[in-house]
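2 protein chains.
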Amino acid sequence: MENAVLITIGDEILSGNTVDTNSNFIATELKNIGIKVKQIFTISDEIETIKNTLQKAFELGDLVITTGGLGPTRDDKTKKALAEFFNDEIALDETTFNHLKTYMERRGRADILERNREQAFVPTKSVVFQNNFGTAPCMMMEQNGKLSFSLPGVPYEVKPLIKDQIVPYLQEKFNLNYIHTRIVSVVGIPESILADIIEDWELALPENMTLSYLPVGTRVKLRITASGENEERLKEQTENEIQKLLPLIEKNVIAISEDKIENILSEILTERKLTISTAESCTGGEIAKMITSVSGSSKYFLGGIVPYATEKKIKILGISRETVDQFTVVSEQVAQEMAKGCQKLFDTDISLSTTGVAGPGKGEDGKDIGTVFYTIRIRDQEVTSKLYMPHLERIDFMNFVSQKVIQDLIGLLVNN
Amino acid sequence: MENAVLITIGDEILSGNTVDTNSNFIATELKNIGIKVKQIFTISDEIETIKNTLQKAFELGDLVITTGGLGPTRDDKTKKALAEFFNDEIALDETTFNHLKTYMERRGRADILERNREQAFVPTKSVVFQNNFGTAPCMMMEQNGKLSFSLPGVPYEVKPLIKDQIVPYLQEKFNLNYIHTRIVSVVGIPESILADIIEDWELALPENMTLSYLPVGTRVKLRITASGENEERLKEQTENEIQKLLPLIEKNVIAISEDKIENILSEILTERKLTISTAESCTGGEIAKMITSVSGSSKYFLGGIVPYATEKKIKILGISRETVDQFTVVSEQVAQEMAKGCQKLFDTDISLSTTGVAGPGKGEDGKDIGTVFYTIRIRDQEVTSKLYMPHLERIDFMNFVSQKVIQDLIGLLVNN
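Chains as they are written, first to last, in full-length UniProt numbering: chain H, 1 to 416; chain E, 1 to 416.
Only chain H is shown next, with the shape it has when bound in the complex (with noise of 0.2 Å):
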């Protein structure tokens, strides 16, 4: 049980209706337990497309995973796919079916029961896998040492099948090797740049690891990996590797282990016992949400305002209607008054502030689209910082803005 394949299947996917967040949740979870995934395909919801599809999956890898297509409604047909290439029929499950029964009845539907009944067919050599969260139940069929699990599309019921059952199963179904990953994460260099300098290092690595470099807006991680039978001795391998590279890159490594920065920041953040709050204009609310998206925050973010007109802005955090009249208030000014009345207002001793402009269609003041001031201020102590990014829409602005100023206040307390 080595290389994982999955199958993604609908319409709402190819469409650009819906963007497909269950593949990179799946594969994470895989990737834990050592299993990679080989290839992601995204398919539409016919029968003769996912049986052929399923075919090359099993080509490729000894482990299937497919999601979606499996609704009560008339253009999910996943399950007919399954029966046919598996050589099977479908039938009515009981225990599948009274389990569905006591969910719908647990919210109060029961007088749609008869209606979700077919969700409590399934092909007879499937084992089931009861879904809690969703009519749909998973279905696991196994055939010559090959494993497919077929899940419904929702993410939400996607998630705990995986965790709380698909791989608890196969974790002690397969005595499967140790995977073990850290994230060396460097801001300030090129990524041409940061692979020149480390290029002897990452020819020296051992057979067993491998690094990746993912760019995330101006920061890039480097991913380690490395697997084999011991976990102990992966552990150690890798921090002896990262020992090597610190002295290469030291100065703009900004974390190591934490992947998202929002978590890089919470671990810094506990730490030093230090507290947070946040003025946004032009990233609406974003950087609170990120902050807040960390389980334990509430112990240093103490909250955010978003005083998106000119006059909250004045009346809320005490910005004065002469620097606005003066400077705009896409100003490096404003910016400076936002993050100190934040400050005040929250009584923290970290402020964060953005003004901008983030487009389409011209700000009121007439600055160009694309434009944003932030200042980050820590205790007594601030910088502000000017960003022209006109080539961003206006949400991949809002979160580029959002990544970068966590991104910097993380430079500014490593390197203080």
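Any given hint might turn out to be false.
Reference excerpt, derived from the structure (chain H facing chain E, CB under 7 Å, subset only) [as the list claims (entries may be wrong)]: (1) LEU14; (2) THR21; (3) ILE90; (4) MET104; (5) GLN130; (6) PHE133; (7) GLY145; (8) ILE189; (9) ALA288; (10) SER295; (11) VAL306; (12) THR310; (13) LYS312; (14) ILE314.
Mimicking BS3-like on lysine-lysine, the simulated pairs with C-alpha atoms at most 30 Å apart in a straight line are [said to hold, decoys possible]: (15) H/LYS163 x H/LYS146; (16) H/LYS31 x E/LYS77; (17) H/LYS51 x H/LYS36; (18) E/LYS244 x E/LYS163; (19) E/LYS146 x E/LYS125; (20) H/LYS38 x E/LYS159; (21) E/LYS36 x E/LYS101; (22) E/LYS56 x E/LYS125; (23) E/LYS38 x H/LYS146; (24) H/LYS386 x H/LYS340; (25) E/LYS260 x E/LYS235; (26) E/LYS56 x E/LYS80; (27) E/LYS273 x H/LYS36; (28) E/LYS101 x H/LYS38; (29) H/LYS221 x H/LYS235; (30) E/LYS80 x H/LYS31; (31) H/LYS273 x H/LYS260; (32) H/LYS344 x E/LYS315; (33) E/LYS77 x E/LYS101; (34) E/LYS146 x H/LYS221; (35) H/LYS173 x H/LYS146; (36) E/LYS101 x H/LYS251; (37) H/LYS163 x H/LYS101; (38) E/LYS38 x H/LYS38; (39) H/LYS221 x E/LYS36; (40) H/LYS56 x E/LYS51.
FYI, nobody ran anything at the bench for these hints, they're computed from the structure.
Where is the CB? At the ideal position from N, CA and C, for every residue including glycine.
With chain H's structure known, arrange chain E on it following the hints.
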């Protein structure tokens, strides 16, 4: 030119480190010019795999678009595979090098031009579409009436290449069928019942029209797609079918046409000249972010606050300490006082508030994880609701609640 196949290249997607958003964007853009994405392959950065996948892709469609695998680092092998597949060689392209030079100079990075020199090496038979937002160019290859475009993987480089260069190129080169899509957003009916209700209507749709069900949280989006030569005729035809559909589910339809719920909200608030503000605890700024992600939102969104710490709720929004002590901070009463305080602070027609426990880790007040109270206040009327979603992960919880709050608000506005 009817069917396209997308190939996403790179281990960062397969390993679960990055969510593939490029495919979503490209599929949407192609759909608008009548090209259907038939399949998406997500593969690793290996020359043989890339070549094999190009082969399979061209069996499925006339147009292949690859993203990823064009950066300056070691693990990028797309260009080599491309040249081998098309029996070509890679050579320095002067025009591309000059473009790269200008690009680097403008960004003040002329010092590392040489390091990026190999980015200007392209297959000799390729037509280059210059990348104005990155160093890797887009290469088009053509053979026996089949077309391939190879793009870098960075989303903000992909978007302008697709939108400003490739789509216009395809539109001009081929005389494509028109496509027309309408979305009908339905709330308050489970998918299975909805399918029953509209079954006869669906079966009677003309041959050039298709229907898809796209569930988003508790909302179901019905996507009606029509294709044909005459744009006006398509619009008319779709409108006719929608007029037949509406009487069947009228009370549950919250919008026709716009897709994202924040866009639907934008239409309604703009039309009715209503202003809005938000006070978010457990959603951490996501509602504000959703609202402000729409261009032009500054017309109706005056501001938001994320009073994360209880003390800040009391200080800034004027929640009474007695209410918190008596009912705890996660309560109907606190949600109501938050909405009232928010409406006053920002002086808006509408205010939204959320207070809950996103988990994991029990909230400070002993309420269970997954509980949220939210209040929608429209002038002097308010509705407070409770949700209990213990199965959702923290970020999913924040997103789900945010969607639901906006959806409920739309429901209230539409039915009043």
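Verify the proposed pairing of E/LYS56 with E/LYS125, using a straight-line Cα cut of 30 Å. 21 Å, holds
Hint H/ILE314 vs chain E: min CB-CB distance below 7 Å? This interface hint is violated because 11 Å lies over the 7 Å limit.
Restraint status (C-alpha distance of E/LYS260 to E/LYS235 at most 30 Å): 21 Å, holds
Interface hint for H/GLN130, Cβ within 7 Å of any Cβ on chain E: 13 Å, violated
Taken at face value, is the distance from the CA of E/LYS159 to the CA of H/LYS38 at most 30 Å? Given that 30 Å is the threshold and the Cα spacing comes to 27 Å, the pair holds.
Is the Cα-Cα distance between E/LYS273 and H/LYS36 30 Å or less? 53 Å, violated
Does the structure keep H/LYS51 and H/LYS36 at a Cα separation of 30 Å or less? The hint holds at about 23 Å.
Does E/LYS315 lie within 30 Å of H/LYS344 when you go C-alpha to C-alpha? Roughly 12 Å between the alpha carbons, so the hint for H/LYS344 and E/LYS315 holds.
For a C-alpha distance cap of 30 Å, please report whether E/LYS36 and E/LYS101 respect it. 37 Å, violated
Hint H/THR310 vs chain E: min CB-CB distance below 7 Å? H/THR310 check fails; min Cβ-Cβ to chain E is 9 Å, beyond 7 Å.
Is E/LYS77 within 30 Å of E/LYS101, Cα to Cα? With Cα atoms ~23 Å apart, E/LYS77 and E/LYS101 stay inside 30 Å; holds.
Given the proposed pairing of E/LYS38 with H/LYS38, does the C-alpha separation stay at or below 30 Å? Holds, because 20 Å separates the two Cα atoms, which is no more than 30 Å.
The earlier numbered hints that this structure contradicts are 3, 4, 5, 7, 8, 12, 14, 18, 21, 27, 28, 34, 39.
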